[in-house]
Amino acid sequence: MDTIESALRAAIGIQAVYFCLAAIGLNVQFGYAGLLNFGQAGFLAVGAYAFAVSVASFDLPFFVAIFVGLAATALLALILGIPTLRLRADYLAIATIAAAEVIRLFFGASFKDYFNGRDGVSQFSTAFQEANPFSGPVLGFRPDDFWVMVVGWTLVLLSSLLLLLLMRSPWGRVLKAIREDEEAVRSLGKNVYSYKMQALVLGGLIGCLGGFILAFGQNSVQPDNFSSDLTFIVYTMLILGGAARIFGPIFGAVVFWGSLSLISGILGDLTAGDNPILPTWLITDQQIGSVRFMIVGIALILLMIFRPQGVFGDRKEIALDAR
Amino acid sequence: MPDKTELAQDPAKPSIDDPILVADNVTRTFGGLKAVDVEHVEIPRGKITALIGPNGAGKTTFFNLLTGFDEADTGTWTFNGRSIANTPAHKVARLGMVRTFQLTKVLSKLSVLENMRLAATGQKGEKFFSALFSGLWSGQEKANTERARELLARFKLDAKEDDFAGSLSGGQRKLLEMARALMVEPELVMLDEPMAGVNPALKQSLLGHVKSLREDGMTVLFVEHDMDMVRDISDHVIVMAQGKVIAQGTPDQVMGDQRVIDAYLGEHHDTDITQERDPSAAPETEAR
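Heads up: the sequence lines are chains A and B, in that order.
For the first sequence, the tail end lands on 491 under our numbering, and the numbers increase by one without skipping.
For the second sequence, the tail end lands on 366 under our numbering, and the numbers increase by one without skipping.
Since the hints were made in silico from the structure, they are not lab data.
Quick caveat: nothing in here was measured; it's all calculated off a predicted structure.
Any given hint might turn out to be false.
Stated by the list, open to error - Here are some chain A residues pointing at chain B (derived, C-beta under 10 Å):
id, residue
1, Asp287
2, Trp315
3, Leu356
4, Val360
5, Gln366
6, Gln386
7, Gln390
8, Ile473
9, Phe474
10, Arg475
What the hints assert, rightly or not - Not everything, but these chain B residues come out facing chain A in the computed CB check (under 7 Å):
id, residue
11, Thr165
12, His168
13, Gly174
14, Leu196
15, Gln201
16, Phe207
17, Lys234
18, Lys238
19, Val262
20, Met307
21, Arg309
22, Asp330
Heads up, the beta-carbon is just placed ideally off N, CA and C, and yes, glycines get one too.
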């Protein structure tokens, strides 16, 4: 029972929340507009660091710092988008993955007075935790963590509602059309470049909210929080749930972290004690951390084979690609 | 360029009353190859103009230049008297000059009806902030949907409106692309090989649709290979070969033109390859 309980807890925990926000942002870019952003980690990093440094080094008020974080992320989207969005889709992919790595290394190595190298920035969430209405543990979560989760899931709800409104509007229709064939959209009098830019900025801003949640949840930000693994896990969750579906990234995040925790819990039980159920030549308890990702990987491969559209996708849509 | 003087005398400056589109000195080179080198072209308003020429003549490249899908090295062209040289494609379309593609570009994962709705111009709901409030655009959307349904009925696609566009057959895609272009309410419709890969029965119906555009007061410019079809529906023909316009005029004038026959069939098409070049061989026997 402990195993299931901790799996459920992981499924709605802080990690699931900020990955979920990152996936919702990516859903705007990749799912709806077809933009290959392989640097979502960079958007989270810039948002989180801009906020953290604004508070820790410059003593800016909470909401001003939030604004600085959002503005910095929007600026990053513009810098990446202006040179690449007129080019073929793969150029954006190259530029974003490179930019995300540059950003991570930059935070780790430059302006050590502000960024503190690999130790990262901390001491910035006083204002956030002062507003915490919870004083005792809730559902077994520490009150600080639960407060972050409440704010995080509220942001997930709000951004999903925003997307719901946008994607059923003519604006969303243009975005989906651009994903299908941007030349056709251009021939019908739509400014494709402007729509792609809007999608990149909007997706980046939602990802930036994820960066804030990460920062609040850890009470610190380090460069290693934003490695390219983060981006790829976000893609995995998005495809698991179903791209271009409002509920896809939420489902993906919850199921991904839930099952990851469940697998390590079960493996932990099976390898525990002096006389474990699984023989030690096969697996020891030190190997669980890696093996759980292997099992999740296999599960995803199977999913791609038997349900390529993701859980919420439409099989008929995927079948069109094969024509 | 030995034949430039000859060009200036004959096919250029045909002086059409009130042309909708006039292009001058349009050139485009790819590396060392001059793909398009058009001195002067006029498209008569309210008529069907065919742009013909052998493969590689530069027709599609010329199309791309005029519609802003490619950038010309030199040249000026005007649409309704307004210069649109090197204007971005979406602005060209908004001015009322809409094109289709040689390889049809339907938006596969959008329904047929959504494909149509997308093409309507001036939609308020396409702006980010007004998109959030459906009250601001739902009336317009309703009107656009009505117009889309009328057009779909005209192109016999009304039964398919909820299907994914990607599930349509090749011919139906051609029809959808044409119908979608009309949603933009264009003055000039530019069709790049509308009949390519279409069966003969559907060809007839497509022809009917192209003619009906003229009846509705639109101007049509289309690229085509099939000479019988060109003769059947076009009022004006422009012939390109090796990037240049080699003849302009009515279908009968153009098809009797020796340069056109040479361009299509080769200069020595009427001499027996086993014989030496014989100047006395009669050229007019090949003129259909």
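Hint-by-hint comparison with the structure:
1. Asp287: 40 Å, violated
2. Trp315: 29 Å, violated
3. Leu356: Holds, because the Cβ-Cβ distance from leucine 356 of chain A to chain B comes to roughly 4 Å (cut-off 10 Å).
4. Val360: 7 Å, holds
5. Gln366: Result: holds, 6 Å to nearest chain B Cβ.
6. Gln386: 33 Å, violated
7. Gln390: This interface hint is violated because 35 Å lies over the 10 Å limit.
8. Ile473: 21 Å, violated
9. Phe474: 21 Å, violated
10. Arg475: Not OK, violated: arginine 475 of chain A not within 10 Å of chain B, min 17 Å.
11. Thr165: Cβ of threonine 165 of chain B sits 12 Å from chain A, so the hint is violated.
12. His168: 5 Å, holds
13. Gly174: This hint is violated: glycine 174 of chain B lies away from chain A, its Cβ roughly 9 Å from the closest one there, beyond 7 Å.
14. Leu196: At about 5 Å, which falls below the 7 Å cut-off, the nearest Cβ of chain A leaves the hint on leucine 196 of chain B intact, so it holds.
15. Gln201: 5 Å, holds
16. Phe207: 9 Å, violated
17. Lys234: 21 Å, violated
18. Lys238: With a closest approach of 14 Å, the lysine 238 of chain B hint is violated.
19. Val262: 6 Å, holds
20. Met307: Status violated, d = 23 Å.
21. Arg309: 28 Å, violated
22. Asp330: 33 Å, violated
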